[in-house]
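First residue of the sequence shown: 357, per the working numbering; consecutive thereafter.
Simulated from the structure, these hints should not be mistaken for laboratory data.
Every residue gets a Cβ at the ideal spot worked out from N, C-alpha and C, and that includes glycine.
Careful, some of the hints might be misleading.
Said to hold, decoys possible - DEER-style ranges, computed between Cβ atoms:
1. THR504 to GLN392: 18 to 28 Å
2. SER400 to ASP363: 36 to 46 Å
3. VAL416 to GLU476: 18 to 28 Å
4. THR504 to PRO471: 43 to 53 Å
5. ALA402 to ASP539: 20 to 30 Å
6. THR504 to ASP454: 37 to 47 Å
7. LEU384 to LEU530: 48 to 58 Å
8. ASP425 to HIS498: 47 to 57 Å
9. GLU476 to CYS513: 28 to 38 Å
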Amino acid sequence: MEEKKLDQPIRVAVIGGSGYTGAELMRLLLGHPRVQVTLVTGQSKAGQPVASVLPSLAGVYPGLIEGYDADETARRADVAFCALPHGASAGIVSELRDRGLVVLDLSADFRLSDPAIYKEWYGEHLAPARFGTAAYALVELHREALRTADLIAVPGCYPTAANLALAPLLKAGLVEPQGIIVDAKSGVSGAGRSPLPT
357 MEEKKLDQPI RVAVIGGSGY TGAELMRLLL GHPRVQVTLV TGQSKAGQPV
407 ASVLPSLAGV YPGLIEGYDA DETARRADVA FCALPHGASA GIVSELRDRG
457 LVVLDLSADF RLSDPAIYKE WYGEHLAPAR FGTAAYALVE LHREALRTAD
507 LIAVPGCYPT AANLALAPLL KAGLVEPQGI IVDAKSGVSG AGRSPLPT
């Protein structure tokens with residue numbers, strides 16, 4: 357994406373904007389002074405006002421949730437956030453990258469660089485040619501790579517917590533990288549529209 361002037365808004369599409377992750381993403385994006393949310397998609401909620409599906413956004417975003425269309429997304433946005441489940445993002449991300457959009461993927465589809473590990477945990481990848489092409493979005497650790505990235509894999513909560521806690525210890529040589537175990541717990545997750553026990 358060409359660099360926008362500071363007075364120009366960044367046109368953003370949210371793909372999968374009707375779930376928990378999409379709702380929180382919308383809240384954050386709508387509060388950003390340089391972002392203009394131009395499109396929100398959600399296949400099962402297409403045609404409904406955002407405010408009826410996400411009441412917390414009533415009065416903040418007057419638009420409808422729309423069905424996904426790659427060409428329409430490319431026409432209306434410079435950047436797309438994909439807030440889709442693991443396994444559902446890869447094909448859409450690939451379509452949007454083919455159309456020149458900068459894409460930030462919140463699923464696990466581009467977080468891993470080893471296709472065999474991805475297959476073990478998530479199944480077949482829908483865009484294997486793009487494996488290893490995404491910048492990992494831990495700004496604190498990968499700031500320079502993110503400045504020019506056009507495909508960004510947004511890490512989940514567990515890897516973010518573990519990496520940010522361990523990075524300074526590893527850098528200072530205070531712990532050995534072999535044999536590190538991170539034992540993390542979670543109660544209920546927003547991993548979808550309905551809370552699911554994890």
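Status of each hint after checking the structure:
no.	hint	verdict
1	THR504 to GLN392: 18 to 28 Å	holds, 22 Å
2	SER400 to ASP363: 36 to 46 Å	holds, 37 Å
3	VAL416 to GLU476: 18 to 28 Å	violated, 41 Å
4	THR504 to PRO471: 43 to 53 Å	violated, 24 Å
5	ALA402 to ASP539: 20 to 30 Å	violated, 41 Å
6	THR504 to ASP454: 37 to 47 Å	violated, 19 Å
7	LEU384 to LEU530: 48 to 58 Å	violated, 34 Å
8	ASP425 to HIS498: 47 to 57 Å	violated, 32 Å
9	GLU476 to CYS513: 28 to 38 Å	violated, 21 Å
Hints 3, 4, 5, 6, 7, 8, 9 from the earlier list are contradicted by this structure; the remaining hints agree with it.
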